[in-house]
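Chains as they are written, first to last, in our numbering: chain A, 1 to 107; chain B, 1 to 118.
The hints are simulated quantities; they were obtained by calculation from the structure and are not laboratory data. Only a predicted model underlies this, so the values are computations on that prediction, with no experimental measurement involved. Where is the CB? At the ideal position from N, CA and C, for every residue including glycine. Among the hints, a few may not be true.
As the list claims (entries may be wrong) - A few chain B residues that face chain A, going by a derived Cβ cut-off under 7 Å, partial list only:
| no. | residue |
| --- | --- |
| 1 | Leu45 |
| 2 | Trp47 |
| 3 | Asn60 |
| 4 | Gly102 |
| 5 | Gly103 |
| 6 | Gly104 |
| 7 | Asp106 |
| 8 | Trp108 |
| 9 | Gln110 |
| 10 | Gly111 |
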Amino acid sequence: EIVLTQSPDFQSVTPKEKVTITCRASQNIGTSLYWYQQKPDQSPRLLIKYASQSFSGVPSRFSGSGSGTDFTLTINSLEAEDAATYYCHQSSSLPQTFGQGTKVEIK
Amino acid sequence: QVQLQESGPGLVKPSETLSLTCTVSGGPIRSYYWSWIRQPPGKGLEWIGYIYITYSGSTNYNPSLKSRVTISADTSRNQLSLKLSSVTAADTAVYYCARVDGGGSDYWGQGTLVTVSS
Chain A
1 EIVLTQSPDF QSVTPKEKVT ITCRASQNIG TSLYWYQQKP DQSPRLLIKY
51 ASQSFSGVPS RFSGSGSGTD FTLTINSLEA EDAATYYCHQ SSSLPQTFGQ
101 GTKVEIK
Chain B
1 QVQLQESGPG LVKPSETLSL TCTVSGGPIR SYYWSWIRQP PGKGLEWIGY
51 IYITYSGSTN YNPSLKSRVT ISADTSRNQL SLKLSSVTAA DTAVYYCARV
101 DGGGSDYWGQ GTLVTVSS
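Chain A with its partners taken away, still in its complex shape (with noise of 0.2 Å):
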């Protein structure tokens, strides 16, 4: 099983700061990393899909990079409604498995 280990496990920013996250593979899985976000009491969104790109609709702020082993998920001047948990999520390996999320709170 491939282990995904995400840092930092909280971070606490001001708006307008940039925030990385990031998420690195216990083994090579490619560029099939995906980036979350999920809300207090609500479904995760898909941020990024294959490590880099854009989901529809997703503001331009967020971004993501790396592939291998290392990804990042950047968030450009943060906002207050990004205040959320992030999960990066691998399906090059069966069983399909989840970091254990990052907790974005705003100052």
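Using the hints provided, position chain B relative to the given structure of chain A.
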């Protein structure tokens, strides 16, 4: 716009079988992969398994649940189903169905909380 709606009992007794249905509207279920994913209260996401709906329908399950889980589909009703047998308190979670497009899940249901308790 594709919409997914999970339904089923919110309370299941230990050792019994959890049964959920996911009704899909706004598009066909055929020719897509559909996943079930769960989230224990206050915790992260766990992939349960998926079904790929063609004329036969193939499934793949998380080995940690494989002996207890069955995912199936009814294309005439545009519905998916999840059955998880011999449940314990550890199976208490919000259960989501989601459409898979290119590996990632682009459409999700709102989720349904299932509590395992006597």
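Results of checking the hints against the structure:
1. Leu45: 4 Å, holds
2. Trp47: 4 Å, holds
3. Asn60: B/Asn60 check passes; min Cβ-Cβ to chain A is 6 Å, inside 7 Å.
4. Gly102: 6 Å, holds
5. Gly103: 4 Å, holds
6. Gly104: Where the cut-off is 7 Å and the nearest Cβ of chain A is about 4 Å from B/Gly104, the hint holds.
7. Asp106: 5 Å, holds
8. Trp108: 4 Å, holds
9. Gln110: 6 Å, holds
10. Gly111: 6 Å, holds
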